Amino acid sequence: MARIAVVAGETSGDIHAGNLVSRLLEMRPELEVTAIGGDRLEKAGARILSRYSEISAMGIFEVAEKLPALRRAKKTMLALFRENPPDLFLPVDFGGFNLMLAREAKKARVPVIYFIPPKAWAWGSSRIEKVRGCCDHLLAILPFEEDFWRKNGVSCDYVGSPVLDHLQKRSFSPEPDLIGLLPGSRKSEITRIWPHLLEAARIISRERKVRFAVPLAEGLDRRLLSYGNAKGLSLEICEGRAQEVMERSRVCLVASGTATLECALVGTPMVVVYRANPVSLLIARRFITTPFVALPNLIAGREIVPELVQKPAEETALAALEILDEGEKREAMQRGLETVRERIGEPGASERAARIILQRMGLAPVGG
645 MARIAVVAGE TSGDIHAGNL VSRLLEMRPE LEVTAIGGDR LEKAGARILS RYSEISAMGI
705 FEVAEKLPAL RRAKKTMLAL FRENPPDLFL PVDFGGFNLM LAREAKKARV PVIYFIPPKA
765 WAWGSSRIEK VRGCCDHLLA ILPFEEDFWR KNGVSCDYVG SPVLDHLQKR SFSPEPDLIG
825 LLPGSRKSEI TRIWPHLLEA ARIISRERKV RFAVPLAEGL DRRLLSYGNA KGLSLEICEG
885 RAQEVMERSR VCLVASGTAT LECALVGTPM VVVYRANPVS LLIARRFITT PFVALPNLIA
945 GREIVPELVQ KPAEETALAA LEILDEGEKR EAMQRGLETV RERIGEPGAS ERAARIILQR
1005 MGLAPVGG
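Per our numbering, numbering through the sequence shown is continuous, rising by one, with the last residue being 1012.
Since the hints were made in silico from the structure, they are not lab data. Since this is a predicted model, take the numbers as computed values, not measurements. No residue lacks a Cβ here, since even glycine has one placed at the ideal position from N, Cα and C. Mixed in with the good hints, there may be bad ones.
In silico SDA-like cross-links for lysine to any residue, where the CA-CA straight-line distance does not exceed 25 angstroms [said to hold, decoys possible]: (1) K751 - I692; (2) K955 - L822; (3) K718 - M671.
Label pairs and their calculated CB-CB ranges [unchecked claim]: (4) E975 - R726: 51 to 61 angstroms; (5) M645 - R974: 27 to 37 angstroms; (6) S770 - D821: 23 to 33 angstroms; (7) A723 - E982: 41 to 51 angstroms; (8) V953 - F788: 38 to 48 angstroms; (9) E970 - M645: 53 to 63 angstroms; (10) R647 - L879: 41 to 51 angstroms; (11) P1009 - S694: 23 to 33 angstroms; (12) G911 - K719: 39 to 49 angstroms.
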């Protein structure tokens, strides 16, 4: 019986890994999958060694707070590689931690196929060398990554965006007075960005009669958003219904991350917000080589949505007001979002990734 070890360190990774494992087990039901992950991986059929919520973090100081849990997770995986090595290690996103585990897997002679590989095109040559040294193959989800990695001597296939695999057929029409607030899926991220989005919402409310909706990621406490009710805003909390909020909203204010791509694929104009600990941001700026942080802009190769990095709430509010009504800015953004949709391609990333994995393991699909 072939065995696969998976590590997904955050909500989006758990979703995408869960979809991939579901496809793998449909094609080869006898596969044994163990994982560090969450509910999606467990529901897909993986045996969970520990929960990603214990190790998920963003930024230098947030990672420092999670160090004890990260060490425990590392110890768990190293013991697995040493005592009962799987036939494949399948890291999913979560670059810093998973690259370290990939090196250890390589030492234990466990093949490594990385799904959603580190964004070395943003961080420069040091990460390229690390990936080249420990990964046998990459399964990329951004259209420009395949060419980038192959030019740098790393075996890679673009499988498409897994975001398309979990987006449902559109069910809602935009409401002219609704603005979506998407503060992210990590507790630390919400704590940092939510007050900024609410301040921007208050400023917008002084200018226009609007309502606001926020999707609360699965597993998060509604009390994280209680500050919003105290502000007296018309705020609707939609638990686990991010796509609904994106579809219903005239404009979305979105924390930088996967949600920006989801919003682009839904076709909703947006303002992208990035906020980090000032020291973390200062250090990151010394190493990041890409001119953009928002996925739609990276995919388009130009700025099609505004990126407000560490900017005041007044600028966020103004950027939203500028695209709330019909006009050249809104129309140009919608044309740009359509470009992103075309470049992403068709659904089926999990299917394509699963077939490549089985092929590289020497296994033929027998179902699915």
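Mind listing which of the numbered hints don't hold for this structure, in increasing order? 3, 5, 6 and 8
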